[in-house]
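> Throw the hints in and build the complete structure from the sequences for me.
Going down the list, the sequences are from chains A and B.
For the first sequence, position 298 (counting from the first letter as 1) is numbered 295 according to this note's numbering, and the numbering increases by one without interruption.
For the second sequence, position 31 (counting from the first letter as 1) is numbered 52 according to this note's numbering, and the numbering increases by one without interruption.
Treat the hints as calculated values from the structure; they're not laboratory data.
Among the hints, a few may not be true.
Unchecked claim - With a straight-line cut-off of 27 angstroms between C-alpha atoms, the simulated DSSO-like cross-links for lysine-lysine are: (1) A/K263 / A/K119; (2) A/K213 / A/K119; (3) A/K213 / B/K125; (4) B/K145 / A/K220; (5) A/K263 / A/K289; (6) B/K125 / A/K119; (7) A/K263 / A/K220; (8) B/K125 / B/K145; (9) B/K124 / B/K145; (10) A/K119 / B/K124; (11) A/K119 / A/K231; (12) A/K220 / A/K231; (13) A/K231 / A/K265; (14) A/K220 / A/K265; (15) B/K145 / A/K48; (16) A/K281 / A/K263; (17) B/K124 / A/K213; (18) A/K213 / A/K231.
What the hints assert, rightly or not - So the derived list for chain A, only partly shown, Cβ under 10 angstroms to chain B, looks like this: (19) Y106; (20) E137; (21) Y139.
Note that the Cβ used here is the ideal one computed from N, Cα and C, for glycine as well.
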Amino acid sequence: MNLLLVRNRHAPYHFHMSAIEVRNLSKQYRVYQKREGLWASLKGLFHREYKTIDAVRDVSFTIEAGEMVAFLGPNGAGKTTTLKLLSGLIFPSSGTATALGYIPWERHYDYRRRFALVMGQKNQLWWDLPAQESFRLHQEIYGIDDQQFRRRMDELVSLLEVSPLISRPVRELSLGERMRMELIASLLHSPDLLLLDEPTIGLDVVSQRKVQEFLKFYQSEHKITVLLTSHYMKDVEALCSRSIVINQGVIKHDGPLAEIIERFSKEKVIQLQIAGEVPADLDKYGTVLEAKAPRIRLKVERTRVPATLSALLERCQVEDISVQERPLEEVIAEFFTDTTTTPV
Amino acid sequence: MSLTHRLRVYWLILRTSMAERFAYRSDFALGTLFRFLPIITQIFLWGAIFRTMGSQGGADQIAGYRYGEMVAYYLMAMLARAFSSMPGLSSGIARDIREGTLKKYLIQPIDMLGYLFWYRVAHKLVYYFVATIPFTIVFYLCRSYFPGWPDAGQLAGLFVALNMAFLLGFLIESLLGLIAFWFLEVSSLLFIYMMLNYFLSGHMIPLDLLPAWAQWIIDFLPFKFLAYFPCALALNKYDHVRMMHELSIGAGWIVGLLILNRWVFARGLRRYGAYGG
Chain A
-2 MNLLLVRNRH APYHFHMSAI EVRNLSKQYR VYQKREGLWA SLKGLFHREY
48 KTIDAVRDVS FTIEAGEMVA FLGPNGAGKT TTLKLLSGLI FPSSGTATAL
98 GYIPWERHYD YRRRFALVMG QKNQLWWDLP AQESFRLHQE IYGIDDQQFR
148 RRMDELVSLL EVSPLISRPV RELSLGERMR MELIASLLHS PDLLLLDEPT
198 IGLDVVSQRK VQEFLKFYQS EHKITVLLTS HYMKDVEALC SRSIVINQGV
248 IKHDGPLAEI IERFSKEKVI QLQIAGEVPA DLDKYGTVLE AKAPRIRLKV
298 ERTRVPATLS ALLERCQVED ISVQERPLEE VIAEFFTDTT TTPV
Chain B
22 MSLTHRLRVY WLILRTSMAE RFAYRSDFAL GTLFRFLPII TQIFLWGAIF
72 RTMGSQGGAD QIAGYRYGEM VAYYLMAMLA RAFSSMPGLS SGIARDIREG
122 TLKKYLIQPI DMLGYLFWYR VAHKLVYYFV ATIPFTIVFY LCRSYFPGWP
172 DAGQLAGLFV ALNMAFLLGF LIESLLGLIA FWFLEVSSLL FIYMMLNYFL
222 SGHMIPLDLL PAWAQWIIDF LPFKFLAYFP CALALNKYDH VRMMHELSIG
272 AGWIVGLLIL NRWVFARGLR RYGAYGG
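Take a look at the structure:
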């Protein structure tokens, strides 16, 4: 555990152990239930019905300084709500959290100077001005001295390969270019904690890769703490050795992504290349995914893989054989639709 | 944040916003030009009214306004509106709240109302820069309508009154925008405000033309400082004592609305944190 002595202007010296500590955090929203029809709408003017939605339910986790962690889950799982709580945009209904030793929703200026939040779909740059002007404004808002500002900007601009673009009005940039500018703007003050909400959403494959590579490099270089949400498996696989999987406001898994497969995928895929005919009673071994000579693909329960293999080897003239894990996307998709999975 | 740092931030906001506005300078120049159109119809209308009254042997003035003063009033009202009107301020705040762009003010170490204020100052400065020439030409051409130069005290009062119009215009509209924390859609509210403002500020007709009871109500409202009050000063309607009296009432409104803005903003953020985000 990394012990850091943190000087907080309000609380005197205190020991602080993790970058983020979240304990039993819950957030409920009360949403207005709109009814259909004119009469119901009129009634709604006088008597409103509300429904409570649990956006985040009793969530606890700890992130150490210098870790890069992915928050994974389908739309509406509570990823963004958790990020909003950690950036102080909303208050929790119950529970506690500290980030860099601060309580985020107190919105202390000292905390604001030490973290950054990038939302893939929100724009913080001035639309009609070159990104450079927005960077200058950030310099002043965060009180960065000239020398540091220039050094950081040069570093970020060259890493993200946007030097010819920073003097062009932001509205003329492509989405991928704009996203890179957003990243620069939010890293100029050299935050210790970076919260990224869907950083690659809507980007083409090339831009996605560029952003991923950049994040990976920057994080390892500066040892900052990064928490990112995504529903792109590729992002997560490329960037984070640890993933917190959340669904319906509840944490379902916390650990390396590969573990999910071991824990939740009960089946493997056997692939065979055979000479001759495909046996007609193939489906007694497992779910047939493909059965067109010379290829056979079968989904088989983990425990029955050895028995199935020996049976097939006996019956068919096998030329090639492989046993594969199912694709991560598939497992997770299944995992998300399965609401009965017990939480961790 | 130290004061010098804060000033540096606001200075840069000012400069950056000005750069942004100048990106649309031709749109601006055109807008300024067309601002003069409604006043021409007003001049024709009042010309017709005064001519009719004269031809019927009636009085040559209405509530103390001769034809020339009436024209001067509308010119001054236009000038005052150039200070007090805040196009897009309320709706911009409401949009920030509705669409969540408000976030940047909660995440970055910067105060939203301060930021918007300096952004608006920049808008106005750019506007005056573009509009000075057409305004000067029109005022010069219409100089004979004015009752002559006010004395130094009144000129100083006028200067203060115009800046007051700016501050009050800003504070009223930002307050309206902050209502969006509770009601996400404020456009119809804004429309009502615009109509009331047009009437109660003296933008539509001089407030002296209204019946006494209406004037009595208007005296309890801040709107007259947005247009009527600077006009009254420029037309020498107030002596120095009355002027100082009115100016201090205006200053009181500014302090009151500033406190109200801060309070509503803090309450709104608390609500936003509980429900929105």
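> Indicate, hint by hint, whether the structure satisfies it.
Hint check results:
no., hint, in the structure
1, A/K263 / A/K119, "39 angstroms, violated"
2, A/K213 / A/K119, "22 angstroms, holds"
3, A/K213 / B/K125, "25 angstroms, holds"
4, B/K145 / A/K220, "45 angstroms, violated"
5, A/K263 / A/K289, "25 angstroms, holds"
6, B/K125 / A/K119, "10 angstroms, holds"
7, A/K263 / A/K220, "37 angstroms, violated"
8, B/K125 / B/K145, "24 angstroms, holds"
9, B/K124 / B/K145, "26 angstroms, holds"
10, A/K119 / B/K124, "9 angstroms, holds"
11, A/K119 / A/K231, "22 angstroms, holds"
12, A/K220 / A/K231, "22 angstroms, holds"
13, A/K231 / A/K265, "21 angstroms, holds"
14, A/K220 / A/K265, "37 angstroms, violated"
15, B/K145 / A/K48, "45 angstroms, violated"
16, A/K281 / A/K263, "17 angstroms, holds"
17, B/K124 / A/K213, "26 angstroms, holds"
18, A/K213 / A/K231, "13 angstroms, holds"
19, Y106, "4 angstroms, holds"
20, E137, "4 angstroms, holds"
21, Y139, "7 angstroms, holds"
Going down the numbered hints, you'll see the structure goes against 1, 4, 7, 14, 15, while the others check out.
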